[in-house]
Amino acid sequence: MKNSLLFLPILLLSMIGCQIDKTPKVLVGFQPQDADSRASLRGVSAVDDSVCWVSGSNGTVMRTTDGGNSWEKHVVPGHHQSDFRDIHAFSASKAIVMSIGSPAKIFRTNNGGKTWWLTYFYDNPDAFLDGIDFWNENEGIAFGDQIDGRIFILKTDNGGNSWYEIPVDNQPAALEGEGGFAASGTSIRAGFDSLVWIGLGFPRGRVLYSNDKGITWDFQLTGMGNGDSSRGVYSIDFNKKREMIAVGGSWNKPVQEDLTACTSPDGGSNWMMVEENKPMGYRSCVAFIPETDFAMCTGTTGTDISFDKGRNWENVDQTPFNSLSWSPTGKSGWIVGNEGKMAKLIVSEATK
1 MKNSLLFLPI
11 LLLSMIGCQI
21 DKTPKVLVGF
31 QPQDADSRAS
41 LRGVSAVDDS
51 VCWVSGSNGT
61 VMRTTDGGNS
71 WEKHVVPGHH
81 QSDFRDIHAF
91 SASKAIVMSI
101 GSPAKIFRTN
111 NGGKTWWLTY
121 FYDNPDAFLD
131 GIDFWNENEG
141 IAFGDQIDGR
151 IFILKTDNGG
161 NSWYEIPVDN
171 QPAALEGEGG
181 FAASGTSIRA
191 GFDSLVWIGL
201 GFPRGRVLYS
211 NDKGITWDFQ
221 LTGMGNGDSS
231 RGVYSIDFNK
241 KREMIAVGGS
251 WNKPVQEDLT
261 ACTSPDGGSN
271 WMMVEENKPM
281 GYRSCVAFIP
291 ETDFAMCTGT
301 TGTDISFDKG
311 RNWENVDQTP
321 FNSLSWSPTG
331 KSGWIVGNEG
341 KMAKLIVSEA
351 TK
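Counting in this note's numbering, the sequence shown runs from 1 upward without gaps.
Calculated from the structure, these hints are not laboratory results.
Each hint should be verified, as a subset may be incorrect.
PhoX-like, lysine-lysine: derived pairs with alpha carbons at most 25 Å apart [unchecked claim]:
{"hint": "1", "residue 1": "309", "residue 2": "344"}
{"hint": "2", "residue 1": "331", "residue 2": "344"}
{"hint": "3", "residue 1": "344", "residue 2": "94"}
Work out the full structure, taking the sequences as your base and the hints as a guide.
Structure below.
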């Protein structure tokens, strides 16, 4: 019964969405996954339609290699109390996982999770990593909350086998009290060979931007910050035209719809708030469906879909989730939440 309740509303609302105009739409179905876990899941990385990695609390890492029909559970030895808020997978065998809190820790596996190597460790009481992303299989970047007035930035040039802090003078200056959110690992996005964006929270809801892999930084205001310490940009994503969506809100005011989404037509140079047809509350993750103008966002009050690059949203379900990731094919993906909740996302074309 629980699985049926999850699946049917998604199809119903998606089909309703297809009747709004003549724009080609898609149907998105949720196929519940049983991974026998009670962990709070926030990291998810779909490699393709068969392989996906998931991470969460209690040192949990899970992997499927058969499209979600079965899941392997792993606990990084000696780190069962770690909360792995972000994971980045390269293949069925290779993945990077990031722990929040102090000390800051990043691990890598090369053998499908059988063995994990600690590739970064920073025992600083102010250390708090928020997310990781990669430009390619070798070059990646991570960020964390400010230390000594600077947003903390790490980089790797060898696929996460080792990490280094960029020079302090190159780390972006932080506003007083400013930090990020480790709600889904998607408040940092890297792409287009050298570009990277970072979404931040209190007090202004800024998006940091670098066009040279983090050597120099600029920023833009999104309008999503209003001085509330729990409000800001929780997740960002872009399509191949560098059109962008940012989502967020306030995690402790989850049903408030104001200041929950904005869009940028020009790679983050300008941001426009979504004033009508907004996501139905706080959202911790947004992701474009690859090769389309469609996007989904999710959070603790449900999931919404947009068919116009984030300008208008339709609620498709009110089941709480934390994060989602699409396969590069755009045909499927996975969505994860608390209490071990997971579903496979299945995309099909609607009648045009």
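Each hint tested on the structure:
1. 309 / 344: Since the Cα atoms of residue 309 and residue 344 sit roughly 22 Å apart, the hinted pair holds (cutoff 25 Å).
2. 331 / 344: holds, 11 Å
3. 344 / 94: holds, 21 Å
This entry satisfies every hint, going by the numbered hints stated previously.
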